[in-house]
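Asker: The numbers in the working numbering rise by one with no breaks, and the one at position 211 of the sequence shown is 656.
Do not rely on the hints blindly, as some may be mistaken.
Cut-off 30 Å, straight-line C-alpha distance, at most; resulting in silico cross-link-like pairs (DSSO-like, lysine-lysine) [as the list claims (entries may be wrong)]:
hint: 1; residue 1: Lys-896; residue 2: Lys-913
hint: 2; residue 1: Lys-612; residue 2: Lys-504
hint: 3; residue 1: Lys-896; residue 2: Lys-831
hint: 4; residue 1: Lys-754; residue 2: Lys-641
If you anchor each label on the Cβ, the simulated ranges turn out as follows [stated by the list, open to error]:
hint: 5; residue 1: Gly-849; residue 2: Glu-912; range: 24 to 30 Å
hint: 6; residue 1: Thr-920; residue 2: Thr-841; range: 28 to 34 Å
hint: 7; residue 1: Cys-474; residue 2: Pro-667; range: 25 to 31 Å
hint: 8; residue 1: Asp-495; residue 2: Ala-662; range: 47 to 53 Å
Don't read these hints as lab results, they were simulated from the structure. Note that beta-carbon positions come from the ideal geometry of N, C-alpha and C, so glycine has one too.
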Amino acid sequence: MQEALLCPGCGGSNSSFIEGKNIWVCGDCGLQFGATEELREFLRQIAQGDEAINANDPKRAARCYAAAHAAGDALLAGEDVDDIRTLAEACAKIGERLLLQNNCPEAKVWQTQALAADHRLYELLGGAGELRQLAAGHSRLANIAAASDALEEAQAEYEAARFLREKIYGESGADLDRRELFVSYICLGNIARARKDTAAAREQYGKALAAAEALAAKRGLPEDQHDLAFVHTSMGDLAADEKNAAAARAEYETALSLLTALPGELPEHQREIANIYGMLAGLAREEEDLSAARDAYRRSLRIWKELAKTTGSLHDRRGHVLACERLAGVCKAKDMPETALRWFEEAAVAAGDVAERSGRERDRRKFADLWDKTGDTALQLEQYAKAQECHSKSFTVWNSYLSGQAGEEDLNEIATVCYKLAANPCTVPSAAEVYIRSGMMAAERLCAMSKKEEHAMVLFVFQKMLEKLLNREKTEE
Numbered sequence: 446m447q448e449a450l451l452c453p454g455c456g457g458s459n460s461s462f463i464e465g466k467n468i469w470v471c472g473d474c475g476l477q478f479g480a481t482e483e484l485r486e487f488l489r490q491i492a493q494g495d496e497a498i499n500a501n502d503p504k505r506a507a508r509c510y511a512a513a514h515a516a517g518d519a520l521l522a523g524e525d526v527d528d529i530r531t532l533a534e535a536c537a538k539i540g541e542r543l544l545l546q547n548n549c550p551e552a553k554v555w556q557t558q559a560l561a562a563d564h565r566l567y568e569l570l571g572g573a574g575e576l577r578q579l580a581a582g583h584s585r586l587a588n589i590a591a592a593s594d595a596l597e598e599a600q601a602e603y604e605a606a607r608f609l610r611e612k613i614y615g616e617s618g619a620d621l622d623r624r625e626l627f628v629s630y631i632c633l634g635n636i637a638r639a640r641k642d643t644a645a646a647r648e649q650y651g652k653a654l655a656a657a658e659a660l661a662a663k664r665g666l667p668e669d670q671h672d673l674a675f676v677h678t679s680m681g682d683l684a685a686d687e688k689n690a691a692a693a694r695a696e697y698e699t700a701l702s703l704l705t706a707l708p709g710e711l712p713e714h715q716r717e718i719a720n721i722y723g724m725l726a727g728l729a730r731e732e733e734d735l736s737a738a739r740d741a742y743r744r745s746l747r748i749w750k751e752l753a754k755t756t757g758s759l760h761d762r763r764g765h766v767l768a769c770e771r772l773a774g775v776c777k778a779k780d781m782p783e784t785a786l787r788w789f790e791e792a793a794v795a796a797g798d799v800a801e802r803s804g805r806e807r808d809r810r811k812f813a814d815l816w817d818k819t820g821d822t823a824l825q826l827e828q829y830a831k832a833q834e835c836h837s838k839s840f841t842v843w844n845s846y847l848s849g850q851a852g853e854e855d856l857n858e859i860a861t862v863c864y865k866l867a868a869n870p871c872t873v874p875s876a877a878e879v880y881i882r883s884g885m886m887a888a889e890r891l892c893a894m895s896k897k898e899e900h901a902m903v904l905f906v907f908q909k910m911l912e913k914l915l916n917r918e919k920t921e922e
């Protein structure tokens, strides 16, 4: 009986040996891989590298992964297409996994070796399938570059993928190849938009629209209608960048009509609908049509709230938080502080759930920021006890940064919330002294960090507050 091998793609041990074909098949991700000694060495080094990562030994992991790459290079020097194909698939899967972990440098290393394997396969076999894999490899590298904000590199890789896909589609005329070409046009449009090259973005989105319309006319599938909606949304984003509100609204409404006509209520479609309502609300707010903005944000919130409840994903929970916050902001701008208070508080409670589940600093900061906004709105309504409760929750988060490496922004937040709590008439003197001293500590660190006049003024204000508080306590004694 063959000893089970770890899958080089997902790292799972649920693999089965297929007699006669001399290959292994992963029961978790479906990857097929061979069993030569060279490939075993490649897999062994990956497994040992993963073990070192789990043991918090990055130096040993680096050595193992370097050995795995060396074993991969040895495979590339040969002509065993099964091993090279396994190498390409394994490196691509590892790269995708690392990209999901936001480890772009390592993801790039693995995807570069995957692309080298794709090139080698095309040299050896020269088929359309190998050319498709080559195009996919360039796209994967482009995705990593885009995630790293290396826009020129991303554009070059997407262009390479587009060139190959145009060649493939020109020879095959297949719908699948045209769909891949559509994706390349969208990606190039997005990169051009990120680079502020609106003319190039419009050109690429126009090509994507033509491809999507041709597929929709020929097949009429729901996914074709979804692609049409996606490109209209992208064109709406471009028009919004150019401050052309009328054109942006027209594109968004076209996308919305296409998405709402799709059968079923798939979460991915609902997310796009919610996002479009949010974009329409943003346009209305820029035009100071607060009623229209409020209505659109309400529609967006209703969808995000349902998604958060049904899927439970962090993405959807964050969507719920953001929609609540934006609706609260519009209500506050419409001089509806009571309604704004309700939505800010719902956003803050939901943000706390997200922060607890994710453990990420950005979510923790959002939680603190939203309780601060909720407290500010309560102050506007002269609900001092409510404001104290909300600002205290914000203080708990911000004050925890005083003992660490707090930056200027963090220290400003600490000082601000401390001032609000110390000045709140519901705060008892003993608590007010704690807030004042924390605020002074933040202000002193701000003064040490820079010589800005406003920082010295903040410190002066806290010093006077403390002096007044202590004098009052002496008088009362």
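Asker: Now tell me, hint by hint, if it's right for this structure.
Answerer: Results for each hint:
1. Lys-896 to Lys-913: Holds: Lys-896 and Lys-913 sit about 26 Å apart, inside 30 Å.
2. Lys-612 to Lys-504: At roughly 44 Å apart (the allowed maximum being 30 Å), Lys-504 and Lys-612 break the hint.
3. Lys-896 to Lys-831: violated, 36 Å
4. Lys-754 to Lys-641: violated, 37 Å
5. Gly-849 to Glu-912: 24 to 30 Å: holds, 29 Å
6. Thr-920 to Thr-841: 28 to 34 Å: Once the Cβ atoms are compared, 32 Å apart, the range 28 to 34 Å for Thr-841 and Thr-920 holds.
7. Cys-474 to Pro-667: 25 to 31 Å: Check passed, 27 Å falls within 25 to 31 Å.
8. Asp-495 to Ala-662: 47 to 53 Å: holds, 48 Å
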